[in-house]
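Visitor: Residues per chain are reported as follows:
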Amino acid sequence: MGQWVSITVNGKNYTREVEPRTLLASFLREDLGLTGTNIGCDSSQCGACTIHMDGMAVKSCTVLAVQAHGTVITTIEGMAVNGKLHPVQQAFWDQHGLQCGFCTPGMIMSISYMLAQHPNASELEIRHQLEGNICRCTGYQNIVKAAMQARDELHHEHHQHMQEQH
Amino acid sequence: MYPAPFEYYRAETAQEATELLSKHVGAKILAGGHSLVPAMKYRVAAPSALVDIGRLNLNYITAAEGVLKIGALSTHATVASSDVVKHNCAIIAQGAAGIGDQMVRNRGTIGGSLAHSDPQADYPTLVTCVGATIKTSSGKSYNADTFFKDMLTTALEENDIITEITMPVYGSGTGGFYYKIPHPASGYAVAGAAALVTVEAGICKRVSLVVGGATVNPVRAVEAEAYLVGKAPTSENIKAAAAMVAQVIKNPMGDGYASGAYRTHLAGVASERTLVEAVHRAA
Ligand SMILES: Cc1cc2nc3c(=O)[nH]c(=O)nc-3n(C[C@H](O)[C@H](O)[C@H](O)COP(=O)(O)OP(=O)(O)OC[C@H]3O[C@@H](n4cnc5c(N)ncnc54)[C@H](O)[C@@H]3O)c2cc1C
Ligand code: FES
Ligand code: FES
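Those protein sequences? They're chains G and R, same order as listed. No gaps in the numbering here: position 35 of the first sequence is 35 in my numbering, and each next residue is one more. No gaps in the numbering here: position 228 of the second sequence is 228 in my numbering, and each next residue is one more.
Hint data in this document are derived by calculation from the structure and do not stem from the laboratory. Worth double-checking, as some hints may not be accurate.
One-sided excerpt, in silico: chain R residues whose CB lies under 10 angstroms from chain G [claimed, not checked]:
no.: 1; residue: Pro3
no.: 2; residue: Pro5
no.: 3; residue: Phe6
no.: 4; residue: Glu7
no.: 5; residue: Tyr8
no.: 6; residue: Gly33
no.: 7; residue: Val37
no.: 8; residue: Met40
no.: 9; residue: Ala77
no.: 10; residue: Ser81
no.: 11; residue: Gly100
no.: 12; residue: Asp101
no.: 13; residue: Arg105
no.: 14; residue: Asn106
no.: 15; residue: Pro182
Every residue gets a Cβ at the ideal spot worked out from N, C-alpha and C, and that includes glycine.
Construct the complete structure from the given sequences, taking the supplied hints into account.
Guide: The structure is reproduced here in structure tokens:
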């Protein structure tokens with residue numbers, strides 16, 4: 001039995017009929033073809049499926065698509081603007097924050113949310129807040145470096161923006 | 001991994017939710033879904049229907065006349081960052097901040113955690129320590145001390161919905177702390193201890209010490225509490241009290257990660273550390 005959902009993803013509204021048991025991660029990947037959101041585990045622990053739902057970082061493998069009805073979602077595909085990488089994406093590039101890249105979309109969605117919540121996060125706080133994202137390759141060093149670069153860059157952008165307004 | 005098929009109903013009010021639950025036999029309540037959906041993915045749970053209460057108006061936090069009220073749908077993140085909780089019952093905010101990870105905290109709710117009554121969850125230990133009351137849509141009230149009945153089992157009647165959790169506020173002179181030894185992957189408590197200590201003129205007047213993670217439900221460390229009352233909160237007295245915690249841990253749970261004996265040991269370690277910090281915060 002199908003259930004209608006209407007969800008805005010990366011600025012575009014989608015209305016689709018889904019089986020209630022459809023996980024939001026599967027909806028994004030299979031119904032909408034947005035395969036940047038990865039599924040890395042069965043136990044809700046790896047964070048590879050992290051997206052923003054109404055501005056909050058959530059694990060899309062642990063949300064039903066029907067629960068997301070009426071929400072506004074951003075996935076990794078929605079982070080770059082006009083071909084310009086988001087500061088967290090650019091920082092992963094600059095700091096070599098990935099090896100196989102499987103965890104990377106979730107890391108970027110998690111870090112961008114964390115820095116919005118804690119713009120002055122220390123290295124220790126960044127490490128702590130990243131506990132819901134698992135990486136099997138990097139040993140996390142360069143991921144943390146990327147998060148710190150992005151934090152500083154976002155500060156810089158913020159100050160420039162403030163100056164332009166004065 | 002996909003859950004088994006089920007029917008889905010979204011309720012707008014508590015009354016509608018109650019009607020849907022009584023109409024659909026075998027239906028389960030869905031709040032944040034962060035215990036239920038994983039269980040359904042593993043097919044440990046396969047309800048025939050879900051009644052989604054996620055949009056009910058139960059997401060609020062207020063404090064007045066010595067009582068803190070938390071709506072059942074308040075997420076762990078909301079509770080952890082709430083200034084009202086921090087000012088009135090700080091241990092609850094501090095404990096909520098350590099649940100799972102930031103994504104789990106953005107979805108999981110206090111009502112869902114209490115109804116689920118996971119042996120390794122944090123909220124059952126926390127609300128027992130502060131002496132909370134759990135209120136439901138049918139008008140029932142349960143004391144936290146007698147709410148948790150067994151593994152994943154509470155005193156809640158079938159289809160009753162937790163609507164609100166109330167707790168007495170505490171002010172200066174009383175300190176609270178929750179110390180958890182988390183499982184490295186999930187963050188759940190291998191053992192955790194919550195303490196509230198009131199210190200007056202250098203003497204412990206009131207002590208509440210509850211340990212979780214080692215047994216199916218949180219347990220109050222009655223001997224340790226009684227030992228400390230009337231004594232100065234010195235490190236020797238705290239150590240002696242923490243050594244009594246093992247007495248209340250009957251049938252500790254063990255698994256491949258931590259044996260029952262090890263969890264019992266950790267409950268004592270967590271108790272000592274949490275008492276030290278609670279006393280520090282009482283000053
Ligand atoms: C990766 C991961 C790590 C986690 N780590 C921790 C941790 O460290 N500590 C911890 O404590 N928890 C942890 N959790 C569990 C998390 O806190 C859950 O969110 C919480 O236990 C359940 O709340 P929920 O709103 O998601 O409930 P749901 O999953 O929606 O429901 C859980 C159960 O309660 C029932 N229910 C829900 N709401 C109500 C209500 N208002 N009235 C009556 N019945 C209701 C449902 O029918 C269901 O049986 C973790 C979860 C995950 C996925
Ligand atoms: S796929 Fe969602 S947490 Fe692993
Ligand atoms: S880069 Fe391979 S899992 Fe993180």
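Visitor: Does each hint fit the structure? Answer for all of them.
Guide: Results for each hint:
| no. | hint | verdict |
| --- | --- | --- |
| 1 | Pro3 | holds (5 angstroms) |
| 2 | Pro5 | holds (6 angstroms) |
| 3 | Phe6 | holds (6 angstroms) |
| 4 | Glu7 | holds (6 angstroms) |
| 5 | Tyr8 | holds (4 angstroms) |
| 6 | Gly33 | holds (6 angstroms) |
| 7 | Val37 | holds (5 angstroms) |
| 8 | Met40 | holds (8 angstroms) |
| 9 | Ala77 | holds (8 angstroms) |
| 10 | Ser81 | holds (9 angstroms) |
| 11 | Gly100 | holds (7 angstroms) |
| 12 | Asp101 | holds (3 angstroms) |
| 13 | Arg105 | holds (9 angstroms) |
| 14 | Asn106 | holds (4 angstroms) |
| 15 | Pro182 | holds (9 angstroms) |
Of the numbered hints listed earlier, not one is contradicted by the structure.
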